[in-house]
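Just so you know, the sequences run in chain order A and B. Residue 1 is where the first sequence starts when you use our numbering, and the numbers rise one by one after that. Residue 371 is where the second sequence starts when you use our numbering, and the numbers rise one by one after that.
Derived by calculation from the structure, the hints in this document are not laboratory data. Values in this document were obtained by computation on a predicted structure and should not be read as measured data. Glycine included, every Cβ here is placed at the ideal spot set by N, Cα and C. Any given hint could be a false lead.
[Unchecked claim] Each computed BS3-like pair below joins lysine-lysine, with the alpha-carbon atoms no more than 27 angstroms apart:
1. A:K260 with B:K486
2. B:K664 with A:K252
3. B:K664 with A:K194
4. A:K57 with B:K664
[Unchecked claim] With beta-carbon atoms standing in for the labels, derived distance ranges:
5. B:F501 with A:R187: 38 to 44 angstroms
6. B:G435 with A:S208: 16 to 22 angstroms
7. B:S434 with A:Q126: 55 to 61 angstroms
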Amino acid sequence: MTSEAADSAEAVGTVAPAADPGFLQRHGGTIEYVLIPGAALAGALVVFGIFVMLFGKNPLDLYFYMYYGAFGTWFSWQNTLTRAAPLILTALCTALPAQLGMVIIGGEGALLIGALSATSAALLLQGMPPLVVQIAMVVAGVIGGGLWIMLAGALRQYRGVNETISSLLLVYIALAILNHLVEGMMRDPASLNKPSTREIGAANMIGSIPGTDVHWGLVFGLIAAIAAYILIYHTVFGFAARVAGGNIRAAKIVGLGVSKLILSICFLAGGAAGLAGMVEVAAVQGRTNANLAAGYGFTGILVAFLARQNPLAIIPVAILLGGISASGGLLQRRLGLPDASVLVLQGIIFVFVLASDALYGRIGFLKGKS
Amino acid sequence: MADGSIGLWTVPLAVLGGAIRVSTPFLFVSLGECITERSGRINLGLEGTLVMGAMSAYGISYLSGSPWLGVLAAGITGALLGALHAGICSLPRVNDVAVGIALMLFGTGLAFYLGKPLIEPTAPRLPAIDFGWWSDIPQLRAALRVNVLFLIGVALAPILYWAFRTTRWGLLIRTAGESSDAARAMGHSVLLIRLRATMVGGFLAGIGGSFLSLFYPGSWNEGLSSGQGITAVALVIFARWDPLLCLWASLAFGGAAALGPALQSVGVTSGYHLFNAAPYILTLAIMIITCSPKRTLTGAPAELSITR
C-alpha cells in the first residue's frame, strides 16, 4: 500500500465517525488537503528566498518578479496558462496510475512519442481538410503516448518489472527514438542547424482561444482533467481502480480484473501525456524536434504530487507551476538568476511537499474528537 | 568501412576501453545504492547526486587546483544529499520512492544553477595510469589508460561483498533491511542505520559523478549525465543486491554505452542515437528477463518498498 492509499484511508477515517457533525469533522480532510500543501509551498518559497539571498539578491524583489512574471499582467497570465496546458496533461500521467498505487514518472517519454505520432499523422494526411488532420493528430498522439506507458504497466503486471524505473528508462529510449527519426528518416532537409521534421502546415495548427494568445491545448487539458476526475470518483471503473489501489488482494478476491485495470489506466495516463505532445506540436512548435523535451513531463510529476494525485486539484496546481516557469524569463532578465533557478525552486517545493506528508492527521484542531 | 590499420578491431577495442572507462560511474553509483538498498531503503535520487557530484568536483578542482580535493568534495556533497534523503524518509508516512524523485529533480536543478559559471573554465583533471605501454597499437593503449578511481571501485566490490557477510556493520545493515523489527529488538535504531547507509551510498555516488567531470568525458556541462544514475539503480536490482554482480553488470553497461561512439568512429553513423540508448534498452531487457510477477527476487531485502 502506498502512502497515497494510506492517506485517503486516513481521510475517510477523519470524516466517518460523525459523532459530532461539526464543520471541521466534515471538512477537516479537505481543509488539510489545501492547508498542508499551501504551507509546504510557502515554506519552499521562504527557503528559496534565503537561497537567492546567499547570492546577493533581494528575496522581496524575487517574490515580486515571480508574481509579476506569473500573474501580474494579462500578458503574463497568458504565458502562464500556455505553460499550464501541457502540465495538466503530463500530471495526469502520474496521477491516474497513482490511483492504482503505481508510481509512473515517464510522462516526458509519452509526451515525446505522442508528439512524434501526431506529427507523423499530420504529415501522412497532408492535403486533407484541417479538421480531419487535427482529429487524426489527437488520436495518434493519444494512442502513441498511451501505448508507451501501457508498456510500463504491462511490464509491471506480467513481468513484475518496477514501473517507476521502467517508465523513466523509457523516457531516454523515447528521446533516442525521436532524435534518430528527426535526424534520419523524418528529417526535413531544409532544417540545417536544428534537425526537425517537416512542418505540419499552418492550416493544421490548432490556434488560439478567441480573444487570447492561449492555445486550445488549455481546453484539452481542462477537459481531460475533469474527465479523469469523473472517471476516478464517479464511475464503477474508477471505484474498482481505487479498490485495487487500496488493497490488491481484496480486489482480486471480489473478482476485479486487475490486469485490465492496470493496462487501461496506464493507457489513459500515457494518452494524456501523448496529447500534451500533440498540443505542443500543433499549437506551439509546428513540427517535431528536440525542443519538445522541455521538461514538461518531469514538472508534471511535481504537479501530480502537489495536487495529491487528485485530477481536479491538478488544474490550479498546474497553473501555479506554469506561473513559476513563466516567471523564469523575468527572473533571468531582471535579477540575473540562471535559468536553472526554476528547477531549483521546483526541487525545493517537491521536497517540502513530500516532507509535509508527515503532517496529515496530526494537526490538532482539524482532528476533532476521536 | 575499414578505418586505420586495425580496421574493425577498433569496435571491440573501444568497447573494452568503454567497459573500463564508462563503467566507473555505474560502478560507484550501483555499489552505493547497493549499501542503501541492503539497509531497506531505495534512493532514486542518486541521478541528482551524480550530477551534483560532477559539478562540485569540477568546481572544487578548478578553485583549488587539486582534482583529488574535487573528488572528496563530490563525496561529501553526495553524503549530504544522502542525509537529506534519509532525513525526510525518516518522517512518518513519507514514501522513499517519491523523495528520491524529488531529490533527482532538486539535485539536477541545483547543479545546473551552481554550475553555470563552470561551463567555460577548464579544471585540472584526474591522472590516468597507462597499462598499455607494452603495445604499439594506439587504440589499445587508449583503451588501457585506466583511472585510479576505476581500480578503487573494482577493489571496493569484493570488500563490500566481504563486509556484508562478515563484519558487524554489514550484519547490522542487512538486519535493518531484512527485518526492522529484529534490528529494533537488538537495540539498534533502524533510522540511524539507514541514515548512515544512505549517506555512504550518496558519498559513493558523488564520487561516481566526480569521475564524469574530472576524467571521462572530463568537463562540466548540463548534458553530462543523462540517466546514468537511474540506470545504475536499476542495475542493483538485477545484480540481486550483490556487490560482485554489480561489478560485472557495470562493466557490461560501460561496454554497451561505448558501442555507439565506437561504431561512429568506424563510420557507422546511421543508428547513432539508438546505439547511445543501448544501456537503457539493455537495462529494460535484463529487468524483463530477470523479474517475475510470481515471486519476489531472490536476495531482495525484505523491507525494500520497491520489490514488494
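Evaluation of the provided hints:
1. A:K260 with B:K486: Distance ~47 angstroms between K260 of chain A and K486 of chain B Cα, so the pair is violated.
2. B:K664 with A:K252: holds (15 angstroms)
3. B:K664 with A:K194: Distance of about 47 angstroms is beyond 27 angstroms: violated.
4. A:K57 with B:K664: violated (56 angstroms)
5. B:F501 with A:R187: 38 to 44 angstroms: holds (42 angstroms)
6. B:G435 with A:S208: 16 to 22 angstroms: Given about 55 angstroms between the Cβ atoms, the range is violated.
7. B:S434 with A:Q126: 55 to 61 angstroms: The hinted range 55 to 61 angstroms holds for S434 of chain B and Q126 of chain A, with Cβ atoms some 59 angstroms apart.
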